[in-house]
Amino acid sequence: MADRDYLGEFEHMIVLALLRLADQAYGVTVRQEIELRTNREVSIGAVYATLDRLEAKGYVKSHRGDPTPERGGRAKRFFRVTAKGVAAVSRTHRALESMTEGLGFIRSYS
Amino acid sequence: MTSQSHVVQPPPLAMWLLTLFALDDAAEHILGDLLEEFTRLASKSGLPFARRWYWRQTLKTVYQLADHGFRTAPWSTMIAVAGGSALRGDAGRLVEPTIFAVLERYHVYEHHFGTYMFFASTGIDIGYLITFLLVGFVVAFVARGREMVATMSLGLFWGALTVVSFPAVVMQSGYGTALSRVTVYFADSMAIVIAGTIVRTHRLGAAARHLQA
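Residue numbers (numbering that gives the first Met the number 0), protein chains in the order written: chain S, 0 to 109; chain X, 0 to 212.
Heads up, a few of these hints could be off.
[To be verified] Stretch-level coverage of chain X by chain S, calculated; a stretch enters the list once three of its residues show a Cβ under 8 Å from a Cβ in chain S:
id, stretch
1, 51 to 62
2, 153 to 166
[As the list claims (entries may be wrong)] Pairwise CB distance ranges (calculated):
id, chain 1, residue 1, chain 2, residue 2, range
3, X, Arg-92, S, His-92, 31 to 41 Å
4, S, His-92, X, Leu-210, 36 to 46 Å
5, X, Trp-74, S, Asp-4, 50 to 60 Å
6, S, Phe-9, X, Trp-74, 20 to 30 Å
7, S, Thr-37, X, Gly-173, 49 to 59 Å
8, X, Gly-45, S, Gly-57, 16 to 26 Å
Don't read these hints as lab results, they were simulated from the structure.
Positions of the beta carbon are idealized from the N, C-alpha and C atoms, including for glycine.
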């Protein structure tokens, strides 16, 4: 049943940010990428809560980087999208395209 | 050029709050990420701006962490809250009879009237505070890793009950008395949360010492 799931709005943004950032995706870069592209302030807590949820669903995987001095000796947690995550984002994207098709969406609401 | 002596640090209270609410090892990534951005913002836009940003991030993140903590283990948290409520009810009923039994046992009324009056009024409030602090300790001890979520849920539950019952208390005992009672009830809820904070801080300290060893 989970394989038929669609991504929520913020989950969708997070997965797209991970795909854009590739192997540079960790808390700071993901948060900044979403802020930069959506013009809304995003908290690091919201980013990690969503990433944890996506990891529990098997849509992303994470690993620890090395501790760095500019982070006070704390490690980064890097994320990447799994094949299951790519399928979920494609499914969600197709559903949104299908729902907006024929609405003259861009012309009417931009 | 930033020398080691000029390294700016985020507000310690904000960092402590984040550590309290973070689950498992999440505090390491969250504090590291925030420090990285805080340092960049401080050099780019100034320290006051960076501090305001850090506090904004902290408050939003603490809310997210508490919400996430509850959602990832709703049943165990609710069981801790229900158990804590039952314990609070049972232990709360014992406070006044216990204090009066002790006062009677030592004939305080006859020999030390001032002391008797203190224990019969303020002493009862202190007794409740200590009792609810102990209830908070038990709940936090059981809800390992989710001490803050469990004790805050219990505190909020009783706080909400206090608000709901306020009109009834006003009708029964008048506005002035009701207001002082409500203050005491809120203090009881705070005692539960403070106990959660103490247990959480103690466990984090023990974990840090274990890592160092």
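* Check the following: the C-beta atoms of Thr-37/S and Gly-173/X are separated by a distance inside 49 to 59 Å. => holds, 53 Å
Given the hint of 16 to 26 Å, is the C-beta distance from Gly-45/X to Gly-57/S inside that range or not?
violated, 43 Å
- For the range 20 to 30 Å, tell me whether the beta carbons of Phe-9/S and Trp-74/X fit it or not. holds, 25 Å
query: Is it true that the C-beta distance of Trp-74/X to Asp-4/S lies inside 50 to 60 Å, as the hint says?
result: With Cβ atoms ~22 Å apart, the hint is violated.
- Query: That 31 to 41 Å hint for Arg-92/X and His-92/S (C-beta), does it hold up?
  - Reply: Given a distance of about 59 Å, which is not inside 31 to 41 Å, the answer is violated.
| message | If you count the residues of the stretch 153 to 166 of chain X with a beta-carbon closer than 8 Å to a beta-carbon of chain S, do you get 3 or more? | response | violated (count 0)
Can you confirm whether chain S covers the stretch 51 to 62 of chain X, using C-beta to C-beta distances below 8 Å and requiring at least three such residues?
holds (count 6)
Original post:
At the C-beta level, are His-92/S and Leu-210/X separated by a distance inside 36 to 46 Å?
Top reply: holds, 43 Å
Violation of the numbered hints given earlier is confined to hints 2, 3, 5 and 8; the remaining hints are satisfied by the structure.
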